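Trainee: Line by line, the protein sequences are chains A and B.
Those letters in the first sequence? Residues 1 to 287, by the working numbering.
Those letters in the second sequence? Residues 288 to 685, by the working numbering.
Hints are computed from structural coordinates only; laboratory data are not their basis.
From a predicted model like this one, the values you see are computed outputs, not experimental measurements.
Here a beta-carbon is modelled for each residue, glycine too, at the ideal position from N, C-alpha and C.
Be aware that one or more of the hints could be misleading.
Said to hold, decoys possible - Going by beta-carbon spacing under 7 Å, a handful of chain B positions derived as facing chain A:
#1 475
#2 476
#3 560
#4 579
As the list claims (entries may be wrong) - Within a straight-line C-alpha distance of at most 27 Å, the following computed BS3-like cross-link-like pairs (lysine-lysine) qualify:
#5 322(B) <-> 118(A)
#6 555(B) <-> 121(A)
#7 672(B) <-> 121(A)
#8 121(A) <-> 596(B)
#9 675(B) <-> 479(B)
#10 456(B) <-> 666(B)
#11 461(B) <-> 666(B)
#12 354(B) <-> 118(A)
#13 596(B) <-> 118(A)
#14 121(A) <-> 675(B)
#15 555(B) <-> 118(A)
#16 386(B) <-> 326(B)
#17 555(B) <-> 669(B)
Claimed, not checked - Covered by chain B, per the in silico footprint, the following chain A stretches (three or more residues, Cβ under 8 Å):
#18 113-125
#19 208-216
Chain by chain, the residues:
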Amino acid sequence: MSAESLVLLLATGVTKGAVYGLLALGFHILYAATRMLHFGYGAVAVLAGLIALTLTNGLHFPFWLTLIVIILLGWAVGQAHNKWVLAPVRNRDQWIQMIALMAIGIVVENAYALIWGKMPKAAPAFTPGALSVLGAPVSYQSLWIIGITVVSVLAIKWLLDYTLMGKSLRGASNNPLAARLMGISVMSVGGYAYGISMALAALGGMVISPITFAGGQFAFPLTMKGFASLVMGGMFSPIGAVIGGLLLGLIESVTVGTIGSRYMDVVSMSVLLLFLLVRPHGLFGGE
Amino acid sequence: MKFKAFLSYIVVVTMGITLFIACSKPAQGPAPATKPPIKIGVIVAATGVRAGAGGPEKEGAVWAAEKINAKGGINGQRIELVIEDDEGNETNTASLARKLATVNNVSAIIGGTSIASTKVLGKTAEELKVPYLASMYGDLFINNGDKYSFSPWGLYNDEYTWYYQYLLKGQGWKKKVVILHDATSSGQLAAKIAKDVLGPAGVEVVPEQYQVTDLEFASTWVKIKNARPDGVFLYGGTIPAPAAIMKARMETGNSNITVVAVPSIATKMLVDLASPAALEGLVVVGSYFAFDPKTQPPAEKELFDIIAKSQGTGNYPAVYHGVTWDAMQILAKAMETAGGDREKVVTALHGIKNSTLTLGTHNFGPGDTMADHTSLRVKDLKILKWEKGAFQQVPYTP
């Protein structure tokens, strides 16, 4: 394989992996704080991609404003999840709560299909063109995705380490009962967790839509990739979630580039299964 | 008491006015039609991963029905479409077909957006004795002896053989060809036919299957480039994957690799999603449409005009529009003599001869063989090339 092919596979893998990592980080925040998995998660990402397209192409918002609006929108969707979807079923069995979340994911998918139509839409790259690296064209969109992921991870780390919100989340994650006894409200923790989680999903949807197109049928694949990345990286490790995403992205791109696309899911899911059997707490494990 | 009396008064007056309007005749205008409408069922994948094909199928049927109704219907009877969305799931197809046949009492059914759903529809049509015109090649679902299943399309094996002969003669691909196909059974069949046709000619056929839900295709192009093929044959009409493939070809610097694609991908959506620049040099083999207004037959022009009116200038139909558009018109022609009687419709369909519509000239045979129930043959297929922002016809003699 030539150096050019290798660079292209690496760039593609890291780009995909960065988006998976963002989604996995959102999954992690939610799971760590609430012990809840949201399988309607990808629908929020796809919705954000469509809204971003409407803001930039339709309403001619500048990029930076669209980015802020999308993050705030994700936060707002998270709050709505916490207050109106989860609050009524918070004291019910966990499986009921998961079904409620899945149902809201289906509602969101159908809602965006009604508003924007069922077919995907072309979303322009944030910066068109590509950089040549050892002869391989590495798109500027890839660089944007990687950059935004790095900044997001650092921002989340700062949030968790240095803010009261972050400390509440970490407390709830480490020992939910103790956190409640110390006066940390379940409702508040839920609000923070869903807010951050959905903001990350929205960001992931916005950055990937120039590659996958906005809209369409990508909600479920994105959800499963995010979840698989989290399992591989470690359910309780934020850095593990991102590394898990990168690992999954690289496994997929190398598999497709060498063996073929039809084996991509087989190989990546086999690796996931191996993790579950050999290292069930993921690469970075931790509580 | 006063309020109740006032309310009663309002109710009585309202009822009186309503009765008056219902009984009165309009001062002008034609007398309302007395003949009941002819119901035709339509089952397509309007949602789901196959909506890229199912959506145009639905549109083609609706436009054809509107056209026929605008001209007074069939012998004064309007066509009433009963449209169902099977979401590309053949379990849904079976139950919807039964509903159309037994609850809605349709005179005929058209549609079916995949081989699997078409087979289910065909089986149901035979069981419930309902005429069925599929949006599918005849040899993929009709069995010899089937009485009620018809195809207003051609023969898959014949057409794909024609396509692959073009790769040999028209493109001069003699060493290695990558067949990039989706995971559907028709995609896998396309790869198999490639091996059957190109293999004996000494061409190495490299099948490469993609998933329509793949998030990117840059890695696929790395593999294709390393295979060093003469070219790539792209199968798959389920947008957006072909658009993403063409976009990735450009973005990975592989625009020099010629892509020859099946006609079902030649849609406006492909252009909108991939961008005109990404499609430069794309060859479409076996198109039914000429695209060029100077050489378009009248039947094709009619469909192009409708789409331009409905979706704006610059839009053009997909082959899936043409299949159901033709199916509806064939049915309407049969129903001119048969009315809504299912058995008579079947008899009348066998009488459809030399009916030139958008996909070509339709001829059904007299018997109940698969060939008799399939109306088109390989003829007048065109080669198109995307150049300078439009599909241009390329001369080719098979």
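Trainee: Does each hint fit the structure? Answer for all of them.
Mentor: Verification of the hints:
no.: 1; hint: 475; verdict: 10 Å, violated
no.: 2; hint: 476; verdict: 16 Å, violated
no.: 3; hint: 560; verdict: 5 Å, holds
no.: 4; hint: 579; verdict: 26 Å, violated
no.: 5; hint: 322(B) <-> 118(A); verdict: 37 Å, violated
no.: 6; hint: 555(B) <-> 121(A); verdict: 12 Å, holds
no.: 7; hint: 672(B) <-> 121(A); verdict: 24 Å, holds
no.: 8; hint: 121(A) <-> 596(B); verdict: 22 Å, holds
no.: 9; hint: 675(B) <-> 479(B); verdict: 34 Å, violated
no.: 10; hint: 456(B) <-> 666(B); verdict: 17 Å, holds
no.: 11; hint: 461(B) <-> 666(B); verdict: 25 Å, holds
no.: 12; hint: 354(B) <-> 118(A); verdict: 26 Å, holds
no.: 13; hint: 596(B) <-> 118(A); verdict: 21 Å, holds
no.: 14; hint: 121(A) <-> 675(B); verdict: 22 Å, holds
no.: 15; hint: 555(B) <-> 118(A); verdict: 15 Å, holds
no.: 16; hint: 386(B) <-> 326(B); verdict: 13 Å, holds
no.: 17; hint: 555(B) <-> 669(B); verdict: 18 Å, holds
no.: 18; hint: 113-125; verdict: holds (count 6)
no.: 19; hint: 208-216; verdict: holds (count 5)
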